[in-house]
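J.: Sequence:
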Amino acid sequence: MLTESGDAVASEAQVASPESAAPSTAQALGSATYEIIRQRLQVQGNLLRERMAKLDARRQAVFGAIEYKLLKADRIVTAHNCVPRDMVPLGHGRFLFGFNVQFGLKKEINLSDVFAIYSHDEASGLWKESDLGVLQDKTFVTDFKRTYSAPT
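Plus 1 on top of the position in the sequence shown (first one is 1) and you've got my numbering.
Hints in this document: simulated from the structure, not taken from any laboratory.
Quick caveat, the model's predicted, so the values are computed rather than measured.
Every residue, glycine too, gets a C-beta built ideally from N, C-alpha and C.
Mimicking EDC-like on lysine to aspartate or glutamate, the simulated pairs with C-alpha atoms at most 20 Å apart in a straight line are:
| id | residue 1 | residue 2 |
| --- | --- | --- |
| 1 | Lys70 | Asp87 |
| 2 | Lys139 | Glu109 |
| 3 | Lys73 | Glu123 |
| 4 | Lys146 | Asp132 |
| 5 | Lys73 | Asp122 |
| 6 | Lys108 | Asp144 |
| 7 | Lys146 | Asp114 |
| 8 | Lys129 | Asp87 |
| 9 | Lys70 | Asp57 |
| 10 | Lys146 | Glu109 |
| 11 | Lys139 | Asp114 |
| 12 | Lys55 | Glu68 |
| 13 | Lys129 | Asp75 |
| 14 | Lys73 | Asp87 |
The calculated label-pair distances, taken between Cβ atoms and stated as ranges, are:
| id | residue 1 | residue 2 | range |
| --- | --- | --- | --- |
| 15 | Leu49 | Ser113 | 40 to 48 Å |
| 16 | Arg39 | Val84 | 35 to 43 Å |
| 17 | Leu112 | Gln43 | 43 to 51 Å |
| 18 | Glu123 | Asn101 | 24 to 32 Å |
| 19 | Phe141 | Lys55 | 41 to 49 Å |
I would like the entire structure built from these sequences, with the hints used as guidance.
T.: Structure, rendered in structure tokens:
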């Protein structure tokens, strides 16, 4: 658009206000910054993985390596619907199992609700539940009750 003196003047629609330009510019800068940081982290992550692989190869050469793989999966029957959390070999085919159990309204939680000892018979492949005598240490039972007592 021209003024009376012949100077060119932009209309309001042609001039973007600084307020409207700022968010798109800031957004573009933020996006570009994110991409730069992301690429740098990917490069550093790849370098770290390579260094770890070399270190692991050296460790295996010095100390040897044992491949861990699942040989067999078994099921054991428990008194409660539970999620197994850990198992510890006790020797002589016996294992201590720890469980997470949702008890709902139950007031008192016993050792047998959270732990179980099973013996594995290699010949038959069956698991047989054993007593928890090995866990009947006075200090352990006191700590267990304190841990599983309902908050007051």
